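Q: Chains as they are written, first to last, in the working numbering: chain Y, 1 to 326; chain E, 1 to 320; chain L, 1 to 291.
Worth flagging that the hints you see were computed from the coordinates, not collected in a lab. Relax, there's no trap hidden among the hints.
If you want the ones that stay clear, here's a sample from chain Y, every Cβ over 10 Å from chain E, calculated:
hint: 1; residue: Leu56
hint: 2; residue: Arg61
hint: 3; residue: Tyr108
Here are the computed lysine-lysine pairs in the DSS-like style, where the Cα-Cα straight-line distance is at most 27 Å:
hint: 4; chain 1: Y; residue 1: Lys262; chain 2: E; residue 2: Lys36
hint: 5; chain 1: L; residue 1: Lys186; chain 2: E; residue 2: Lys119
hint: 6; chain 1: E; residue 1: Lys169; chain 2: L; residue 2: Lys186
hint: 7; chain 1: Y; residue 1: Lys148; chain 2: Y; residue 2: Lys87
hint: 8; chain 1: E; residue 1: Lys249; chain 2: Y; residue 2: Lys268
hint: 9; chain 1: L; residue 1: Lys186; chain 2: E; residue 2: Lys73
hint: 10; chain 1: E; residue 1: Lys36; chain 2: E; residue 2: Lys9
hint: 11; chain 1: L; residue 1: Lys186; chain 2: E; residue 2: Lys116
hint: 12; chain 1: L; residue 1: Lys186; chain 2: E; residue 2: Lys23
hint: 13; chain 1: E; residue 1: Lys36; chain 2: L; residue 2: Lys186
hint: 14; chain 1: L; residue 1: Lys253; chain 2: L; residue 2: Lys234
hint: 15; chain 1: Y; residue 1: Lys262; chain 2: E; residue 2: Lys249
In this text the structure is predicted, and so the values were computed from the model without any measurement. We put the CB at the ideal spot given by N, CA and C, even for glycine.
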Amino acid sequence: MGEKLLEIKDLSVRYTTDGVIAHAVNHVNLELDKGEILGIVGETGAGKTTTALGILNLLPRYTAQTDGEILFNGVNVLRASEKEMQKIRGEHISMIFQDPMTSLNPVYTVGDQIGRVVKIHNKEKGKEFVEQRVDEILNLVGIPAERKVEYPFNFSGGMKQRIMIAIALACNPELLIADEPTTALDVTIQAQVISMMRSLQRELGTAVILITHDLGLVANFCDKVAVMYSGEIIESGAIEQIFDSTNPHHPYVVGLFGSIPKITRKTKRLTPIEGLMPNPASLPEGCKFHPRCPYCMDICKTEEPEAVIVNDHLIKCHRCVRKEEA
Amino acid sequence: MSDERVLVKVEHLKKYFDTPRGKLHAVDDVSFEIRKGTTLGVVGESGCGKSTLGRAVLGMNPATEGHVRYNGKDITHQSHREFKESRRQMQMIFQDPYSSIDPKKTVSEIIAEPLKIQKIYKSRKDLDARVIELMEMVGLDLIYMNTYPHELDGGRRQRIGIARALALKPEFIVCDEPVSALDVSIQAQILNMMMDFQDELHLTYMFITHDLSVVKHISDEIMVLYLGTVVERAPSDELFEHPTHPYTKALLDAIPVPELSYHGVEPQLLKGEVTSPINPPQGCRFAKRCPYVTKACTENMQELREISPNHFVACCQFGK
Amino acid sequence: MNVQTMKKRGQFAEVWGRLRKNKLAMISLSVLLLICMAAIFADLIANYNNIVIKQNGAERLMAPCAQHWFGTDEFGRDIFARIIHGARMALLMGFGATIISVAAGLILACVASYFGGVVDMVIMRVMDVLNSVPALVISLAICSGLGAGTWQLIVALSVAGIPIHTRMIRSNALGVMGNEYIEAAKSQGASTASVIFSHMVPNIASIIIIQITSTVATNILMGATLSFIGLGVKPPRPEWGLMLSSGTDYMLKNPHMVIFPGIAIILTALSVNTFGDCLRDAFDPKLKGKA
Numbered sequence: 001m002g003e004k005l006l007e008i009k010d011l012s013v014r015y016t017t018d019g020v021i022a023h024a025v026n027h028v029n030l031e032l033d034k035g036e037i038l039g040i041v042g043e044t045g046a047g048k049t050t051t052a053l054g055i056l057n058l059l060p061r062y063t064a065q066t067d068g069e070i071l072f073n074g075v076n077v078l079r080a081s082e083k084e085m086q087k088i089r090g091e092h093i094s095m096i097f098q099d100p101m102t103s104l105n106p107v108y109t110v111g112d113q114i115g116r117v118v119k120i121h122n123k124e125k126g127k128e129f130v131e132q133r134v135d136e137i138l139n140l141v142g143i144p145a146e147r148k149v150e151y152p153f154n155f156s157g158g159m160k161q162r163i164m165i166a167i168a169l170a171c172n173p174e175l176l177i178a179d180e181p182t183t184a185l186d187v188t189i190q191a192q193v194i195s196m197m198r199s200l201q202r203e204l205g206t207a208v209i210l211i212t213h214d215l216g217l218v219a220n221f222c223d224k225v226a227v228m229y230s231g232e233i234i235e236s237g238a239i240e241q242i243f244d245s246t247n248p249h250h251p252y253v254v255g256l257f258g259s260i261p262k263i264t265r266k267t268k269r270l271t272p273i274e275g276l277m278p279n280p281a282s283l284p285e286g287c288k289f290h291p292r293c294p295y296c297m298d299i300c301k302t303e304e305p306e307a308v309i310v311n312d313h314l315i316k317c318h319r320c321v322r323k324e325e326a
Numbered sequence: 001m002s003d004e005r006v007l008v009k010v011e012h013l014k015k016y017f018d019t020p021r022g023k024l025h026a027v028d029d030v031s032f033e034i035r036k037g038t039t040l041g042v043v044g045e046s047g048c049g050k051s052t053l054g055r056a057v058l059g060m061n062p063a064t065e066g067h068v069r070y071n072g073k074d075i076t077h078q079s080h081r082e083f084k085e086s087r088r089q090m091q092m093i094f095q096d097p098y099s100s101i102d103p104k105k106t107v108s109e110i111i112a113e114p115l116k117i118q119k120i121y122k123s124r125k126d127l128d129a130r131v132i133e134l135m136e137m138v139g140l141d142l143i144y145m146n147t148y149p150h151e152l153d154g155g156r157r158q159r160i161g162i163a164r165a166l167a168l169k170p171e172f173i174v175c176d177e178p179v180s181a182l183d184v185s186i187q188a189q190i191l192n193m194m195m196d197f198q199d200e201l202h203l204t205y206m207f208i209t210h211d212l213s214v215v216k217h218i219s220d221e222i223m224v225l226y227l228g229t230v231v232e233r234a235p236s237d238e239l240f241e242h243p244t245h246p247y248t249k250a251l252l253d254a255i256p257v258p259e260l261s262y263h264g265v266e267p268q269l270l271k272g273e274v275t276s277p278i279n280p281p282q283g284c285r286f287a288k289r290c291p292y293v294t295k296a297c298t299e300n301m302q303e304l305r306e307i308s309p310n311h312f313v314a315c316c317q318f319g320k
Numbered sequence: 001m002n003v004q005t006m007k008k009r010g011q012f013a014e015v016w017g018r019l020r021k022n023k024l025a026m027i028s029l030s031v032l033l034l035i036c037m038a039a040i041f042a043d044l045i046a047n048y049n050n051i052v053i054k055q056n057g058a059e060r061l062m063a064p065c066a067q068h069w070f071g072t073d074e075f076g077r078d079i080f081a082r083i084i085h086g087a088r089m090a091l092l093m094g095f096g097a098t099i100i101s102v103a104a105g106l107i108l109a110c111v112a113s114y115f116g117g118v119v120d121m122v123i124m125r126v127m128d129v130l131n132s133v134p135a136l137v138i139s140l141a142i143c144s145g146l147g148a149g150t151w152q153l154i155v156a157l158s159v160a161g162i163p164i165h166t167r168m169i170r171s172n173a174l175g176v177m178g179n180e181y182i183e184a185a186k187s188q189g190a191s192t193a194s195v196i197f198s199h200m201v202p203n204i205a206s207i208i209i210i211q212i213t214s215t216v217a218t219n220i221l222m223g224a225t226l227s228f229i230g231l232g233v234k235p236p237r238p239e240w241g242l243m244l245s246s247g248t249d250y251m252l253k254n255p256h257m258v259i260f261p262g263i264a265i266i267l268t269a270l271s272v273n274t275f276g277d278c279l280r281d282a283f284d285p286k287l288k289g290k291a
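For reference, chain Y alone in the conformation it holds in the complex:
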């Protein structure tokens, strides 16, 4: 066990729009050690991005209310001042977003944009230092340093995303949050980006939170996994535990694996989860998965299941509670 970097304790986030309250994140607990790679998996609207924005304290101020704590190096970021946060963002935590096409400012050269981030966090250093650092960073992500004078439109999607990662890594952050970093990219380009992220991660020892819906990416890249459903973590653990089908699993996780066509085996028919994720403005009573669950019992409809943790493998399901008791 390494040193604890990030600790999320009982985090809940609610959005209020036009008097309707949406429970985006509900009682989430997470821990991340230095240098660890955590994958957060879930479908659209599961609360993945909200959790990530919470870590950076970037939730919309007037519509989002938060409960709980997010401790980064022992500092509760949810109660930190904007000034403290500006120092933490970029210098200690960086984030890359899904769409590389819109994340770069089209009117500045790539070198300018990386240099600006370097400058903000190294105010006393001179111009040459910044230039040198920009060259270093571009080389690191596999883009020739001469191209720093070019504008974003000269680069392809994959290169732009690598530049975004370069900007994110410009100040050697301790934590990198990557929100669907490769969803907009082709598979061969995705492979390049992930491979680069891996080598950078090994070199710099950055902890990474990878938010994705792609279980394959998680299997390939992450050490730990947390599966979110309706704003809750319903299963989490080491990747060996989650991807081992002989272990007990949450029915949603089983359904998620059953939904993916296997490239290595021939499956005649997929076994999807029927139904849809509930609306966060009107979550069901009891277990939030029960309307879609093939193993739904009476207790599931009324009582929210407790998390059962065996060797750091967490499952939030009444069936597992039963097994423990038996």
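With chain Y's structure known, arrange chains E and L on it following the hints.
A: For chains E and L alone, coordinates are given in the frame of chain Y:
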């Protein structure tokens, strides 16, 4: 397999677009056939011309050169009337469930549109009955009949798109990435439904996607496109067991597989960036990124050669 | 049919719901309705031939009093009655000319964006040429060419408005054209007219409504301006701009002759503009407070 009836036959299809910087070769000399009741998967990365090809086959975007034959009839260049007529046989399912549905129309209006355009209903009651039948077929709750699409999620919207495509009881459907905008659990529901329809209604699909695991699941035969050219075509299982073209191999290698054995596995990376499809250079389009590139690759365009039964590859390293 | 369905709730129902909560919108709408009522029932309020245009030498230039609420003009005509009847003219110019020019702009814009290419280029270059001349100058030219008169004025105002509407609507129509549902309709074999009228127009309806409300006030003002300089409505027809114009000669001693037509013009323009703004906010609540 060759005795099955060929429904769609495409011969040397080319589609060029004029751009300020020159001719964009979106589809360059593509030939294939689709047998009745089967699915041809078309795989490729963004910009490989797969969507353009699908639209050209349907006659929505007529080809620059070459021919498309449907049931033996040349449908490459049709008049508006012939085009409208042919819609009863061929339809399309679109990629984006958000932009492919008119937000100002109710669900029943959207599904009824093809029927109204073709005027093949006897009465208002007849039309409503057909809409209800279609909604039930695609698993849409009838309470949504008069709702507007913005109240529905992506999965339900895509079901509307499928109901619209099935309204005229077509035999052939071009599916342009119908599930790539959906979450995995919804994606599986839609894929299962589409496969059921194929069995029940004897549909023929041309399934365009960038997702190899999806294409493997649904296709009988797969065609891999790279910058407008076919690099490999083979029956689905054969392609995944014996991928031959260096690009196919790289593509298969790059898919992250959700299994523990793939933890930390480094795929073989393709170097370099994609060649521009505008005035592309002579020779193999993949030469710039190919790890096995030889002088011959940059000199001649590679022809598709049959290296084993029904397995075609366009690469000078094979099939000699 | 016995199928239970969810209630239809279109965009317009939602917009109306939002509009109803906006006080400013409701006030400006009431003022507008009042003006419309005045125009519709003008004949019941004051007889056109006996009061509005009949000269009465005995009652010249009277200040506002119990009998003549807004006073009388240089020919002894009741200003209140003339303003009420003038509302007809104002609304005819405002809404009539606007609707004609927006309709023409809509057709041109839809044709340009649907066909694109050369058609688009020709239409838009012609619009560019028209646009390079100020609208007022175009109307002036048309009015002096056709001569003064009510219909000539409406033609002038309509033509002057076409380029700006075409431009605005085209840019929105192009956005709609980029959606796959247009392609989907075409792929069903839908005709050009049906794609334009059943898919394109409904999706730019909000822009069209906003265009109309934002132009009505301009047209009322421009019509008043043209009448003011003697190119629009011919006397003795009551028209606010004309009343303003004739009042200027007596302005120092009899300010009521310019004050009341002036208030009528300002009130109408202000309420139409305010309502247009509120309508825009109601159509796109996200836009509110920005730009």
